[in-house]
Structure formats: C-alpha cells, structure tokens
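Participant: Sequence:
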Amino acid sequence: MAKPLDPPSQNECFNPPSHTPAVPTYSHISRIPISPTHTLISLAGQIGRDSRTHITPPTFIEQVKISFANVDKCLDAVGATKADIVQVRQYIVDLLRGGKGVDPEYRGLYAEWMGGCKPPSTVLGVQCLAAREYLFEIEVVCVVRNRDS
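In terms of the working numbering, the sequence shown is residues 7 to 155.
Be careful, since some hints might not be right.
Derived pair list, reagent style DSS-like, types lysine-lysine, alpha-carbon separation capped at 25 Å [claimed, not checked]:
| # | residue 1 | residue 2 |
| --- | --- | --- |
| 1 | Lys88 | Lys71 |
| 2 | Lys88 | Lys124 |
| 3 | Lys124 | Lys71 |
No lab work stands behind these hints: they were computed from the structure.
Input sequences plus hints: build the corresponding full structure.
Facilitator: Right, here's the structure in full:
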C-alpha cells in the first residue's frame, strides 16, 4: 500500500525514476497542493510503451496492459492507490474496431485492473494518438491525503 504524501509547496512536475518519458519535454506526473490536507495528482496520458525496453507492442491488448502498468508506476511514485482516483479518461484508436464493437477483452482487463474501484471514466474513440503505433492512452486524476493530516 502506498504511503501518504509530503505536500509539495508548489506545483511539481516529474517522472518516476523507473518510468522514463518518450520525449524529454514530457512529465508523467504533476502534483499540486489544493488544501492543507490534500494534493491533486494528475497523470499524463500513459501509453503502451515499455519504459525499460522502449518497445511498443503492435497489439491493442498488450498496449492496454503496459499502459495500466505505467499508471501503477506513477501512482506508486506519488503514494497513491486506485482508491484515490477521481477521474479516468481513456483514448482508443478505432474504438469500434471497424464496426465490430468495443473489444470485450479490454473491458474485462479494465475492470480487473481497477479492482473494486469505480471512479468516473470516459472512453473516447480517436483517429490517432501522438505516434502512429500508439493504440491506447489513459489519463488519471487523483486526490491524495497528505502525510500527517
């Protein structure tokens, strides 16, 4: 279980050491104090690119799994859990899979990954993402109780 945060004194943008960004101008995490007791955490869109190998697999489901693991790395880096999530946005290239409908395996993976948590979540079908090979991206917003509050 993640530990509560020490509150930042101002907005901080950073990358977890184990999760390098695809481009040097990018930060995975922003955290800003919103009260004496709570911090707002915003996770930039997490894609299905493995931080260690820098490889993006060609399949949608594999990218979804890596994206969820990347969110987990970011949550851990800020002492947050899925219970702290207050909003999720998911972007899927060709959401309806050429008319076949939303991938049924995807829905099951999302439910399993979230466990019993059910924060508001929006799924958007998009034409493309930042690079041609990216098929899935997920953004997360959390509110975390500060340490000693």
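Participant: State the violated hints by number, sorted upward, taking the hints as numbered earlier in the document.
Facilitator: none
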